[in-house]
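Novice: As you go down the protein sequences, you meet chains Y and B in turn. Residue 6 in full-length UniProt numbering sits at position 6 of the first sequence, and the numbers go up by one each step. Residue 214 in full-length UniProt numbering sits at position 214 of the second sequence, and the numbers go up by one each step.
Check the hints yourself; a few may be wrong.
[What the hints assert, rightly or not] Which bits of chain Y does chain B cover? Going by a derived footprint, with three or more residues having C-beta under 8 angstroms, they are:
1) 174 to 188
2) 214 to 221
3) 266 to 280
Hints in this document: simulated from the structure, not taken from any laboratory. Quantities reported herein were computed from a predicted structural model and do not represent experimental measurements. Here a beta-carbon is modelled for each residue, glycine too, at the ideal position from N, C-alpha and C.
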Amino acid sequence: MCSLLPKYLRSKTTTLPPQLRRYLLLRVTGDIESPSLLKNPIMPLSNTILMFRRQFCKLPFGVVSKEELLREGLQPELMPKHVAIIPDGNRRWAKERGLSPEKGHEAGKKVLGDLCRYCSKWGVKVLSAYAFSTENWSRPKAEVTFLMTSYFEGLIHDFMRYGMKMSIIGDKSNLPNSLKEAINIAEETTKDNTGLHFVAALNYGGRYDITQATKKIATKVKDGVIQLEEINDKLIDQELETKYLEYPNPDLLIRTSGELRISNYMLWQLAYSEFCFVDKLFPELDEADFVAALRSFQRRQRSYGGNKI
Amino acid sequence: MDLGNEVQKILTWTSVCGNFGLHLVWLFLHLIINVWYSVLGIARKVENTLISSGLLKSYHAINISKVRYLAVVIESEEARQTSKVLELLHWLASIGIKSICLYDREGVLKKSQEAIIEGLNKSQESIIEGSDRGTLPEHVDLEFVSFADSKPAVAKAANFLFVKHYASTKPGKPNITESDMSEALQAAGYEGREPDLLLVYGPVRCHMGFPAWRIRYTEIVHMGPLKSMKFGSLIKAIHKFTKVHQNYGQ
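Full structure from sequences and hints, please.
Specialist: What follows is the structure, given as C-alpha cells:
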C-alpha cells in the first residue's frame, strides 16, 4: 500500500491539484522545513510512519537505489560521508529491565552491527563509534574486565564477518595482549575491503588524540624532519589517529540517551560536525531513528568555517 | 461479451474507489502530521511565554550556581547584531550568570568587544527595559574568543612546549602529557576555563570550531537563530542543564 501512495501522488493522472500534489510529495520527502522537526529531529510520529512503511515495504540490504533514497526523503549527494556515534545508554537500558550491565552491552553490540548495515545500505562511507573512553577505566572492575577480555574481542570477530574495512583508534598500549592481537588480525584481514569503513575508538579520548599528535610532531622536530616554525593546525590534523580515514572529520555526530555532550570524543575532528542528540537509549535505536537523523542532517544548513556549502 | 463489460465496469469502479480511498488516506495522514507539528509549535510558543512571564513555578528556583561558566557560540553573520548580543547578555546577567565566554569563528565579537562592554556598563544600574527582571549584577566577567584561540592556539602551545622542553639535545622520544598541553596553552595565553554549558545561536547545530581542548564535558544546546531568541527558551535550557547528572565516563 505505502509504495502505491507515492506512485499515486507522482502520477500525472492523479486528480489532485498539481500544487497540492507537489506540496504533499515535498512534505513526505522532507524538503519542506518543519520548525518543530528542526528543534527535535526525531519525532515520535515520523518514527511511527517510517516504521509502518518499513513493515509493508521491506527494503533490501546492500546499497539502495537513488529512487529508494528519494522515496525516503534523502538525497544521495547530501549524504554524510562520515557518521560518528556515541552509543550511550547500554547500562541504563539493562538496569531498567533488571539485567546486568553486560546484557546491556550485548544488546548494544547488536544495534551497532545493525548500524553498520544501515550505513552500508544508505551510502555512508565511514562509521566511527566511541566504544571505550580513557575515562571508562574508572568503571566497576568486573564491567571493565568483561569489556576487555571477552566483549571487544567478540565484537571484533563478529564484525569481521560483515565484509567491511575495520580500524581501531585509541591508546592500545594498555589493552590486554589478546585484544591487541584481535585488533591486529582484524585490521590486517579487512584492510583491502571496500564499502563501509568501521572505526571503533577503544581507550580513546579527544585530548589524548591531540596530545599524541603533538608528541609525534615533537619527535619529528627533534629528528630534524620538520622545523619549529612549520608547526600549525594543519600539521596536527595530519598526525591525529583519524588521519588514515578517507573522511577523517565526521559530518554528523549522533549521541543516544538524550545527553547533550561529546564526552571527550574526537574533540578536534568535530569542529564543524552537525550534532544530533537522540532521546532513546542505544539498544533501542532502530533504522527509523537513523534515517530520521540522516534526513534531519540533510535538511539543515551546513557551514564549514564560514564557507556555505 | 456482456460479462466482459460487467467485469470491466467493476474493475473501473474498483480502481476509482481505490484511488479515491488512497487519496483520502494520504490527505488524512498529512493532515494529522501538519496538525501535530502545528500543535507542537503552538505549545512551544505558549510554554516560552509562560516561562518569560514567570507563571511556570517550576522554572522559578533555578540552581544558577551550577552554571559556573557559560559559553555562547554565535554564528559570525549573526554576531554583527550587537544589539541582540547585548540583549542576550542582559538576560544572562539578570538570571545571575557571572562568567560568560562569547565565541564566534571570525572574531566579530572580539572586534565589537569595546562596544559590548560599553553597552553593558551603560545599563549596569538600570532595570532592563520593558521587563521586571531586576537590575544587573555589579560584575559580569566576559571572555571573547574566536577561531584563532582554537586550533591555531593548540599549534602555538605545541610550539611553546617544544621550545621550552624538547628542543634540547636530550636523547629519547619527547614524553608529552595532557597536563603538559594544558600548561602550555595557559603559558601561551590560551588557557581559558571549561564551560559547563555552551549555547549555540545560529542556523547550524555545531559548535563552529569552539576551542576543542575546553569542551570535553560541556553540555551543548542549540538555541536556533539569534534573531528569534526567546527569554523563555534560555531559561528552559539553563533549567534543564541544572537537572543534568554527569558521571564523567564512570
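Novice: Now look at each hint and say whether the structure bears it out.
Specialist: Hint-by-hint comparison with the structure:
no., hint, verdict
1, 174 to 188, "violated (count 0)"
2, 214 to 221, "holds (count 6)"
3, 266 to 280, "holds (count 9)"
In this structure, the one hint that does not hold is number 1.
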